[in-house]
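Modelling step: build the complete structure from the supplied sequences, incorporating the hints.
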Amino acid sequence: MSGNEPPASPSTTGETPKPKVKKQWKSPALRMMGIPRFSLPSRNWLIFWTVLAGIGGGIAYDKYEQKQIRAKWMKHVEHLSQEAYPNDRIPRKMSIFIAPPPDNFLDVSMQYFRKYVKPVLNAAAVDYEVYSENRQGDIRASVAEKIRELRRERSGVENTQSDQNSRNNSPKDMLASFKKLTGGAPKSEDDEEVLVKRSDLYKVRDVLGFYYFNDTIYPHRDDELDPEKAGGVICIGRGAFKEYMAGVHEGLLGPLEAPEPTVEKVSEFKNEDGNSDATVSTETKAEVAETTIDEETGETKEETNPVPKPFIRPEQYADAELAPELDTSRQVLNDKKVPVLFEQPVYVFALPTIVGFTNTPRKIYRFFNQRYEADDFCRRTAQLVDNKSRPFEYKDQFMAKEEESEWPKKWVQKGKDKGSEWVQELVVDDRIAQRFRVFEVDEK
Numbered sequence: 001m002s003g004n005e006p007p008a009s010p011s012t013t014g015e016t017p018k019p020k021v022k023k024q025w026k027s028p029a030l031r032m033m034g035i036p037r038f039s040l041p042s043r044n045w046l047i048f049w050t051v052l053a054g055i056g057g058g059i060a061y062d063k064y065e066q067k068q069i070r071a072k073w074m075k076h077v078e079h080l081s082q083e084a085y086p087n088d089r090i091p092r093k094m095s096i097f098i099a100p101p102p103d104n105f106l107d108v109s110m111q112y113f114r115k116y117v118k119p120v121l122n123a124a125a126v127d128y129e130v131y132s133e134n135r136q137g138d139i140r141a142s143v144a145e146k147i148r149e150l151r152r153e154r155s156g157v158e159n160t161q162s163d164q165n166s167r168n169n170s171p172k173d174m175l176a177s178f179k180k181l182t183g184g185a186p187k188s189e190d191d192e193e194v195l196v197k198r199s200d201l202y203k204v205r206d207v208l209g210f211y212y213f214n215d216t217i218y219p220h221r222d223d224e225l226d227p228e229k230a231g232g233v234i235c236i237g238r239g240a241f242k243e244y245m246a247g248v249h250e251g252l253l254g255p256l257e258a259p260e261p262t263v264e265k266v267s268e269f270k271n272e273d274g275n276s277d278a279t280v281s282t283e284t285k286a287e288v289a290e291t292t293i294d295e296e297t298g299e300t301k302e303e304t305n306p307v308p309k310p311f312i313r314p315e316q317y318a319d320a321e322l323a324p325e326l327d328t329s330r331q332v333l334n335d336k337k338v339p340v341l342f343e344q345p346v347y348v349f350a351l352p353t354i355v356g357f358t359n360t361p362r363k364i365y366r367f368f369n370q371r372y373e374a375d376d377f378c379r380r381t382a383q384l385v386d387n388k389s390r391p392f393e394y395k396d397q398f399m400a401k402e403e404e405s406e407w408p409k410k411w412v413q414k415g416k417d418k419g420s421e422w423v424q425e426l427v428v429d430d431r432i433a434q435r436f437r438v439f440e441v442d443e444k
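The sequence shown runs 1 to 444 under UniProt numbering.
If you're looking for bench data, these hints aren't it; they were derived computationally from the structure. Just so you know, nobody snuck in bad clues.
Computed cross-link-like contacts, PhoX-like style, restricted to lysine-lysine with a CA-CA straight-line distance of at most 20 Å: (1) Lys363 to Lys115; (2) Lys118 to Lys72; (3) Lys309 to Lys414; (4) Lys93 to Lys388; (5) Lys416 to Lys401; (6) Lys93 to Lys146; (7) Lys115 to Lys63; (8) Lys309 to Lys416; (9) Lys115 to Lys75; (10) Lys146 to Lys309; (11) Lys336 to Lys146; (12) Lys63 to Lys75.
Below is the structure:
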């Protein structure tokens, strides 16, 4: 055989070649315990676990930072809750108006309030009352009705006082008051002195000892003791702020009773049978019944009452009279000597709303960086607790205006077609603007 001959191929009749055995590199100690050799997973598994760990770690880190930020600002105002309050003092009370974002649910706005605003207010022991709406116009109608009730009450009190004064000027009342001042008619010498038991005059338990009763304690709020520290108004969302401002204008400038609706002329036409029918506007038909009957089940369904229409339009503000029932020459106080709602400072939080498929990258970035929103909301809420305010200025009517640029365009166009209150420009009357105050908050 020559050296150029090819190597002999393995015989088919012999044994099949064995596969290569992969070297096992492991510690003898681990081998004695039965632990297999550690090896990296495949490339696909490495990619999967890396992406999963990155996303999960980013979410966990962001939530951890949110908790730390909330704890920091809660500690910043915690000293207010540790202040000793006597029996006749209670903290100020704030009014919070919350409206859902455009084309979204109320839970979105409530989430911002519960996560960022509420913890700081609770830590500072500040009392508050929340007003929310599911329909446009609810906040405006409720604010306006509160102011109208105040006007009716003040007008009724004035009438009662005038009636009381006229009754006191009667001859009988004048004679009774004269006798009271002079001690009645002079006593004669024949009048016998009448002895009365001491127990009939007073009891010992009422003036001495354990049974002595003190005067009733009437608590006073901080904003009652100092009107400059009135509770305040917080609006969550530009829409809530617009409705609040419109409600104040409607309550102060509008009439006390709803104006009569304008009735359209009824147009008659004849059918083929010769009978005349009348067409009535759909608004009148909608107000006929408030309950409907389900044809399938036969049960009655109670429908919610429609939102009351505004008593006055923005273009009528200039010609309207400013609440003649109220003394607007000074600060208006309620029966508890606390400034009324529209006399308290106001502030609005802009809701970050991003919609649309093209804004998906921005949504993802904001989802992983909610800690910056938490710091911004909590910081501004802590400044609201400090209760520093200033007079209302022209620029303040554009607070949270940047939120409107993020509203869905289709929703805005639909609102313009239907005459929505949110898409209309906010009109502020100068007479009311002079009474407004705004919380002084550092936006940066």
